[in-house]
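Protein chains in written order, with the working numbering: chain V, 408 to 732; chain L, 19 to 272.
Keep in mind that the hints were calculated from the coordinates and are not lab data.
The structure displayed is predicted, hence computed values, not measured ones.
Note that beta-carbon positions come from the ideal geometry of N, C-alpha and C, so glycine has one too.
Incorrect hints may appear among the rest.
Chain V side only, calculated, beta carbon under 8 Å to chain L, not exhaustive [what the hints assert, rightly or not]: (1) GLU590; (2) ASN657; (3) LEU658.
Straight-line distance between alpha carbons at most 27 Å, and here's what the computed DSS-like set of lysine-lysine pairs gives [what the hints assert, rightly or not]: (4) L:LYS241 x L:LYS197; (5) V:LYS626 x L:LYS197; (6) V:LYS630 x L:LYS166; (7) V:LYS702 x V:LYS676; (8) L:LYS247 x L:LYS193; (9) L:LYS166 x V:LYS460; (10) L:LYS197 x L:LYS258; (11) L:LYS258 x L:LYS106; (12) L:LYS197 x V:LYS630; (13) V:LYS630 x L:LYS123; (14) V:LYS702 x V:LYS719; (15) L:LYS166 x L:LYS247; (16) L:LYS190 x L:LYS123; (17) V:LYS460 x V:LYS702; (18) L:LYS247 x V:LYS719; (19) L:LYS241 x V:LYS630; (20) V:LYS460 x V:LYS718; (21) V:LYS554 x V:LYS630; (22) V:LYS630 x L:LYS258; (23) V:LYS626 x L:LYS106; (24) L:LYS197 x L:LYS166; (25) L:LYS247 x L:LYS123; (26) V:LYS460 x V:LYS677; (27) L:LYS258 x L:LYS123; (28) V:LYS630 x L:LYS106; (29) V:LYS626 x L:LYS247; (30) V:LYS718 x V:LYS676; (31) L:LYS123 x L:LYS166; (32) L:LYS241 x V:LYS626; (33) L:LYS123 x L:LYS106; (34) L:LYS106 x L:LYS241; (35) L:LYS193 x V:LYS630; (36) V:LYS676 x V:LYS460; (37) V:LYS626 x L:LYS166.
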Amino acid sequence: MIRRFLAIVLVLAAWIGGTVAGSLGTPPAAASDPAILIGAAHADYTPSLTGSKPIVILAVGSGARPGEDVTHSLSDSLHLIFLNPDAHAAAMVGIPRDSWVDIPGHGMDKINNALVFGGPDLMVQTIEGDLGVHIDYWALTTFLGFKTMIDQIGGLHVDVPFRMYDTYSGADLHAGPQTLTGEQALAFARDRHSMLQGDFTRQENGGRLILAALAQFQKAYAKDPTALLTWIGAGMSNLGDPKAKFIGTNLSAEQIVQLAYTVTAQPVKKVQNIVLPGSLGTDNGLSTVHLDDAKMHSIIADASDDAIVTKKNVPPSPGHDQPVS
Amino acid sequence: MRDSGKVPGSLERVLATEGKTPLKDAATSSPRQTKKTAPRSKVTRNRIIAGAVGAVVVLGGIFFFTRGGDSPFSTSEPSSGPVQFQLKGATYIPYQLHGDQNAQKATAHQAATEIQAQLDALFETAYVDPHSWSDTGDIEDFFAEGAKGSLEGNVGTLTLGQNASDTYASVKPGKSTLKVSVLTGADGSAVRATGLLTFNGLAKHDDGTYSAITVTGTAVFVKDGDTWKIEAYHLNRSEKPAQAPTASPTSEAS
Chain V
408 MIRRFLAIVL VLAAWIGGTV AGSLGTPPAA ASDPAILIGA AHADYTPSLT
458 GSKPIVILAV GSGARPGEDV THSLSDSLHL IFLNPDAHAA AMVGIPRDSW
508 VDIPGHGMDK INNALVFGGP DLMVQTIEGD LGVHIDYWAL TTFLGFKTMI
558 DQIGGLHVDV PFRMYDTYSG ADLHAGPQTL TGEQALAFAR DRHSMLQGDF
608 TRQENGGRLI LAALAQFQKA YAKDPTALLT WIGAGMSNLG DPKAKFIGTN
658 LSAEQIVQLA YTVTAQPVKK VQNIVLPGSL GTDNGLSTVH LDDAKMHSII
708 ADASDDAIVT KKNVPPSPGH DQPVS
Chain L
19 MRDSGKVPGS LERVLATEGK TPLKDAATSS PRQTKKTAPR SKVTRNRIIA
69 GAVGAVVVLG GIFFFTRGGD SPFSTSEPSS GPVQFQLKGA TYIPYQLHGD
119 QNAQKATAHQ AATEIQAQLD ALFETAYVDP HSWSDTGDIE DFFAEGAKGS
169 LEGNVGTLTL GQNASDTYAS VKPGKSTLKV SVLTGADGSA VRATGLLTFN
219 GLAKHDDGTY SAITVTGTAV FVKDGDTWKI EAYHLNRSEK PAQAPTASPT
269 SEAS
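Input sequences plus hints: build the corresponding full structure.
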């Protein structure tokens, strides 16, 4: 009787023990087959400036070397950037640095001397007066700042349009897509001696770098919006030196954040890269560029209206006849 | 807006713990009830029977409390605990040269702590608290004014989902991590901050099945008074079948 009772107890114990062990080791069968599952979902939001009246920014590349007065050096690169947030349109207009223009208070001279004579303010005043454009903001960088900026973002992926070899700028690049270091990007931006159209093609190449940077920023931001911070950090910290009481832009950090947000939605293909047309000349024994006034005013009027330069006013690319290899 | 009251999962865990004490007492107290005057062989036999019965009772108890399923006392169901993002890093990104590094470092750490608290509360509201897990109205305050209009269209990622209560029974938060970067001025002022986050949760469905929910991505924060609000975001949610949680009561608390 007792033995039978003990046997029953042991069987019960074995059954319960086995069930417990089983329940610990494997999940219920249903657990691997939920009724409703979301595979993947995505949420995205980036604010943007609004308005159809273009925001106009003057980007200046100063030729100042370390130790030189950044604000009073020759400007090597000049671009007007028109941005229409509502239309997601933008136009970049390059100004040849040897353009022979009237500099307020200094008479006729090369446009790049405006920076030497009166810093960014006089440069803005000169361009506004000669081109008939209103400039909202300006940003100025130097050779060193530019190089550092590019290196801080891990280089710039650029489709180099043609073979470039120039001992003056140090450019030695083959045609095709490649990632340029800060040093190489600077040489790409400065090379004019190996260009058939000299300074005109150089300004167009400056625009190419801005477009490459825009594409790369958008890609980086889409991957991780922290790029907003790293790119602004790299860009702004190399625009000026607060210790030397020089800030290379009249844009505030807040305004740059808003602009950066806005350009994340700016299709790169809808950014026009234009160089003001003109002819080469000589003035006061200097090699100069005489801008085509009529065409220049048509381009500027178009861009100022909605940041879109109509096809009939778009001049041929200065680099269109440059041999690729 | 947020309901801080106990949710069913928490209650179950308390009951399960309370229920174990009497069982333990019963198993150990049985031998003490044997009469001292009984013959030796009978006492031995009674002790064997009592021991066997005790073993059955103990094993039965373990079985009852660990078998999973729909038992109201089961410890295997996901229980709603507080979301706690683990801070994996706080860095500053200067936008001016020669800044006060200590001030910028301090700003980054303070911002990281504040953003961590914001995300804890946001995911608690949006994913864990069943009273608010499908309503973007309840998470509006975590976002900057300009971003509020975007919430409704992103409800399936920013919250558990519009019709979450038709599908889900509960969500138990798992290990979640956060890295914060802050754009700082030379004086340590903060312009913007980003939080690179990963939220994990184990969802129990109404049909008794489970799924693992993961939300990853980055939110951009802007300071609004004393608090940080989300101004931009780029988040991905994925969900895949998961096994029912194991029975260990200690794992419940993690």
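Exercise. So which of those numbered hints doesn't the model satisfy?
Worked result: Hints 1, 2, 3, 16, 18, 27, 31 contradicted; others consistent.
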